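Protein chains in written order, with the numbering used here: chain X, 1 to 38; chain L, 39 to 130.
Worth flagging that the hints you see were computed from the coordinates, not collected in a lab.
Warning: the hint list may mix true and false statements.
Computed Cβ-Cβ distance ranges for the label pairs, DEER-style [said to hold, decoys possible]:
#: 1; chain 1: L; residue 1: 108; chain 2: X; residue 2: 30; range: 29 to 39 angstroms
#: 2; chain 1: X; residue 1: 27; chain 2: L; residue 2: 71; range: 12 to 22 angstroms
#: 3; chain 1: L; residue 1: 106; chain 2: X; residue 2: 30; range: 24 to 34 angstroms
#: 4; chain 1: X; residue 1: 24; chain 2: L; residue 2: 44; range: 27 to 37 angstroms
#: 5; chain 1: X; residue 1: 23; chain 2: L; residue 2: 122; range: 12 to 22 angstroms
#: 6; chain 1: X; residue 1: 24; chain 2: L; residue 2: 59; range: 11 to 21 angstroms
#: 7; chain 1: L; residue 1: 63; chain 2: X; residue 2: 30; range: 18 to 28 angstroms
#: 8; chain 1: X; residue 1: 24; chain 2: L; residue 2: 106; range: 15 to 25 angstroms
Source: prediction; values computed, not measured.
Beta carbons: idealized from backbone N, C-alpha and C, even for Gly.
So the chains spell out like this:
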Amino acid sequence: MDTTATVEPTETAVEEPQLVEEDLLVEDVSIDGMCGVY
Amino acid sequence: MTTPTEVLGRAWALSPSVSVRPEPFGALLYHFGTRRLSFLKDRRLLDVVQALPSSASAGEACAAAGIGPGELGRYERALAQLAATDMIQERP
Numbered sequence: 001m002d003t004t005a006t007v008e009p010t011e012t013a014v015e016e017p018q019l020v021e022e023d024l025l026v027e028d029v030s031i032d033g034m035c036g037v038y
Numbered sequence: 039m040t041t042p043t044e045v046l047g048r049a050w051a052l053s054p055s056v057s058v059r060p061e062p063f064g065a066l067l068y069h070f071g072t073r074r075l076s077f078l079k080d081r082r083l084l085d086v087v088q089a090l091p092s093s094a095s096a097g098e099a100c101a102a103a104g105i106g107p108g109e110l111g112r113y114e115r116a117l118a119q120l121a122a123t124d125m126i127q128e129r130p
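Bound-form chain L, shown alone (with noise of 0.2 angstroms):
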């Protein structure tokens, strides 16, 4: 499993099997593999989710964001959990 720490260095983009809805409380993601439902309850974390494959790492995509450094332990949990239900694949 990815700890917080080791995810915002790393680049990741979302699995091919996701399916991403904007919702005004933010989004809902959907993983027709495993048939899980994850609700993004922030608005900005869809834009770090949405930033991810065009950054250089998920610290980039946070930046990007608009996520300050008093906040980033909550996203960096945040995609952690994504990464660990396979919403979310690191990439090279």
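Bound conformation, chain X alone (with noise of 0.2 angstroms):
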């Protein structure tokens, strides 16, 4: 007699996060330690 309980995997519908990405419009970059630059 088979007891064992199969589980059905159910398909939930997973809401990825929505991603707000917002325009940014200064964009910083440090260029301390960069080969070259005095």
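Join the two chains, each given in its own frame, into one complex according to the hints.
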């Protein structure tokens, strides 16, 4: 007698978090330590 | 740190240690003191920055550059970021 309970995989809709990407007008870059830069 | 809501009502000027290089995409700002390089990704933001010394407030500079009310938030945050990195300094 098989008493193994099988769990059917249920397909649940995974809602991806809405990524809100702000359109940034300023982008900062640090060049400290870059070769050739004094 | 200057919050975005405090930026527009104040008068600003480019820091004396900052060099501006206009580019087709906007501009490069280099701070000789902090060695920080900032990209302005909008040409109108450059117009705002260049209008700062002659404007009574950052809000006035934005208006002079043709920034509409709907876009003001983005420019406000950009100016706050420039202030936080000492690219622009408050002036009397």
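Check each numbered hint from earlier against the structure, then list the numbers of those it violates in ascending order.
-> Violated hint (a single one): 4; every other hint is consistent with the structure.
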